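K.L.:
Spelled out, the chains give:
Protein chains: 2
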Amino acid sequence: MNNFTFLISTKIIFGKDTEELVGSEVKKYSSRALLCTGGGSIKKSGLYDKVIRSLEENGIEYIELSGIQANPRLGLVYEGIKLCRENKLDFILGVGGGSVIDTAKAIAVGVPYEGDVWDFYSMKAKPEKALPVGDILTIPATGTEASISSVITNEDGMYKRGLNTELIRPVFSILNPELTFTLPDYQTACGACDMMAHTMERYFTNVENVDLTDRLCEAILKTIINNTPLALKDRSDYAARAEIMWAGTNAHNGLVDPGRIGDWASHGIEHELSALYDIAHGAGLSIVFPAWMKYVYKHNINRFVQFAVRVWDVDLSFESSEAIALEGINRMMEFFKKIGLPVTLSDANIPEDKIEEMADKCTNKDTKTVGNFVKLNKQDIINIYNLAK
Amino acid sequence: MNNFTFLISTKIIFGKDTEELVGSEVKKYSSRALLCTGGGSIKKSGLYDKVIRSLEENGIEYIELSGIQANPRLGLVYEGIKLCRENKLDFILGVGGGSVIDTAKAIAVGVPYEGDVWDFYSMKAKPEKALPVGDILTIPATGTEASISSVITNEDGMYKRGLNTELIRPVFSILNPELTFTLPDYQTACGACDMMAHTMERYFTNVENVDLTDRLCEAILKTIINNTPLALKDRSDYAARAEIMWAGTNAHNGLVDPGRIGDWASHGIEHELSALYDIAHGAGLSIVFPAWMKYVYKHNINRFVQFAVRVWDVDLSFESSEAIALEGINRMMEFFKKIGLPVTLSDANIPEDKIEEMADKCTNKDTKTVGNFVKLNKQDIINIYNLAK
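Read top to bottom, the protein sequences are chains A and B. Position one of the first sequence corresponds to residue 1 (my numbering), numbered consecutively onward. Position one of the second sequence corresponds to residue 1 (my numbering), numbered consecutively onward.
Since the hints were derived computationally from the structure, they do not count as laboratory data. These figures come from a predicted structure and were not determined experimentally. Each hint can be trusted.
Beta-carbon label-pair distances, calculated as ranges: (1) T182/A - K337/B: 51 to 57 Å; (2) E208/A - D313/B: 21 to 27 Å; (3) G59/A - K375/B: 42 to 48 Å; (4) K337/B - E208/A: 28 to 34 Å; (5) G59/A - G59/B: 42 to 48 Å; (6) E208/A - E352/B: 44 to 50 Å; (7) D347/A - S236/B: 48 to 54 Å; (8) T182/A - D347/B: 56 to 62 Å; (9) E155/A - N58/B: 46 to 52 Å; (10) D116/A - D313/B: 54 to 60 Å; (11) S236/B - L387/A: 42 to 48 Å; (12) E61/B - K43/A: 55 to 61 Å.
Using N, Cα and C, we set each Cβ at its ideal position, and we do this for glycine too.
Assemble the whole structure, with the sequences as input and the hints as a guide.
P.N.:
Written out as structure tokens, the structure reads:
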């Protein structure tokens with residue numbers, strides 16, 4: 001186990017009707033907020049009206065930035081920064097899914113910065129301050145509600161890049177599982193895969209002696225595996241929705257980081273897919289992760305055996321580690337298929353003609369490697385895309 | 001799952017040599033600290049000198065309150081409060097085990113209060129403010145390093161009582177597993193039992209649909225069960241010590257609370273034992289918990305089956321739930337014995353003549369019940385003490 005510092009500073013307010021507390025939470029920080037929203041679903045569900053009422057009851061003035069879509073674009077981030085500066089808004093409230101909250105975070109870190117906020121995403125500069133961000137989460141998936149991450153796509157070249165800094169960890173997040181009852185099944189499944197991916201990026205590490213965090217990872221994975229089919233069977237299953245939602249937060253809030261070094265290659269490889277083909281991140285991950293696993297499992301077969309046995313209940317003869325490891329990967333693919341996700345590029349109607357271009361972007365023209373469990377170069381990434389065909 | 005609020009506000013600094021950071025952490029809050037310490041072990045180990053050096057290098061003036069013992073007494077808390085007031089100290093630093101840190105917390109909440117600090121422990125008053133507390137933990141056990149709890153014994157009547165308030169959650173805690181290499185085996189074992197007890201107090205709940213937190217509890221328990229024998233076999237096994245230490249924090253920092261209502265009867269029943277006979281809290285718990293389980297398991301046999309199967313790998317015929325449940329309890333007792341803990345009152349040379357007196361104290365003369373999983377009255381508690389004979 002490596003040395004580590006641990007502090008999850010986001011206050012989580014979880015459960016039924018908790019969205020009504022949003023105004024009183026914002027008020028602790030500011031009386032002038034930018035309200036970031038997505039499409040019309042929060043208006044249809046009535047959530048929007050509740051938020052506005054709560055803000056008004058607490059004397060919060062707000063200006064809205066709406067229309068934030070999946071794989072959120074830099075253009076709207078610029079627009080949000082401008083709105084904040086022009087109107088002296090000093091709190092960013094995101095109400096929606098990961099894209100809305102990631103946009104809120106990008107705006108929060110962009111407002112006090114004199115340069116181009118994309119500098120932070122392209123690693124040209126490091127942020128030093130940010131406005132506080134709060135949110136109401138409607139799509140459990142990215143874990144952004146309590147994470148230090150934000151992922152934005154630059155339309156100029158379709159680069160999808162992430163920023164990680166404690167500065168953008170939300171000061172509060174409101175999570176009401178009831179708000180997820182109306183999610184389409186496909187989005188529920190994509191969310192489940194995204195959470196699993198966050199957990200697995202940590203799970204596959206070269207750091208030894210990480211027993212507790214291994215087991216915490218397994219707890220999160222099993223919870224998602226058991227509860228996602230229940231939520232798909234009955235969209236209004238509060239218990240299942242609550243388990244999924246809370247698992248999603250814990251998959252990415254830092255709980256399963258202590259003392260380990262994560263991999264994150266699959267996220268990088270997937271980002272090229274969803275930047276180019278605009279598929280859901282979770283659906284990209286259900287394609288990339290199995291291929292990545294098949295490509296790297298021999299690097300530490302015992303870790304894949306543990307994954308197969310503890311997470312997927314594989315109970316084959318331990319004389320064949322390889323068979324156990326592969327059966328674990330196989331069961332994961334079967335699970336993804338069962339919940340309606342693609343597991344190959346062709347499942348998602350993604351052509352093969354841009355594999356080299358994506359591998360180039362992912363490795364900055366083969367000038368850097370991707371991942372930590374196994375460091376992958378451009379050819380490795382081409383091989384992984386090919387395994388995913 | 002019930003609604004909940006979640007925020008673990010303690011910054012954990014974990015790993016080798018981290019004690020050297022203590023001065024710079026204190027400095028973020030104050031330049032005048034009360035330094036609380038226990039017996040001479042931190043002087044012998046060299047930790048004391050390192051702490052003093054780090055405080056001095058960071059310009060922290062300090063006054064020491066030493067001699068804090070197991071089952072810490074109210075008398076020293078009064079003395080600490082007096083020292084702080086007389087010397088205008090506004091940060092409390094605990095360096096030691098749970099007793100030292102619990103004393104530090106009691107002083108922190110006592111200094112700004114005009115009345116008697118015992119009012120908070122006897123439920124006569126609720127604290128409204130406290131000085132910040134930080135610590136270096138040397139005995140992984142109570143989880144106080146990131147918890148909202150402090151337990152103090154009032155010598156006047158030997159009442160051992162707890163206070164729970166967010167105000168006393170440490171602002172930072174420094175955890176270096178190397179500092180635990182010199183712990184006597186018995187203290188290592190008592191600590192392991194205390195952590196397991198914290199987890200089990202949460203595990204046995206009447207709240208339904210708590211899948212993720214169940215699994216997180218099981219992860220913590222299995223980590224302690226697997227690593228404690230390794231630490232006892234080789235006291236300097238860093239990996240095992242680190243797992244135990246981090247498990248102990250997670251057992252009591254609030255990670256396994258969300259959405260559940262814990263029981264806490266066994267802690268109440270044990271407190272009467274250790275207040276009266278001055279045995280280690282962990283050793284009292286290894287006596288009380290099995291008896292409590294035998295007394296209540298029929299209340300929700302399926303939960304005890306889950307505990308037996310998932311935590312203790314019991315693999316009997318599922319046609320007999322009762323056999324599985326009892327085998328789980330049996331394996332827990334065997335584990336406690338294996339690591340050198342008592343599992344009966346006679347193992348700890350505790351006489352039977354004060355059972356009624358203890359049951360009286362525990363239930364305030366049968367005017368209140370104890371526990372939530374099953375609400376226990378005075379007679380129930382007598383029965384449990386008798387089961388522990």
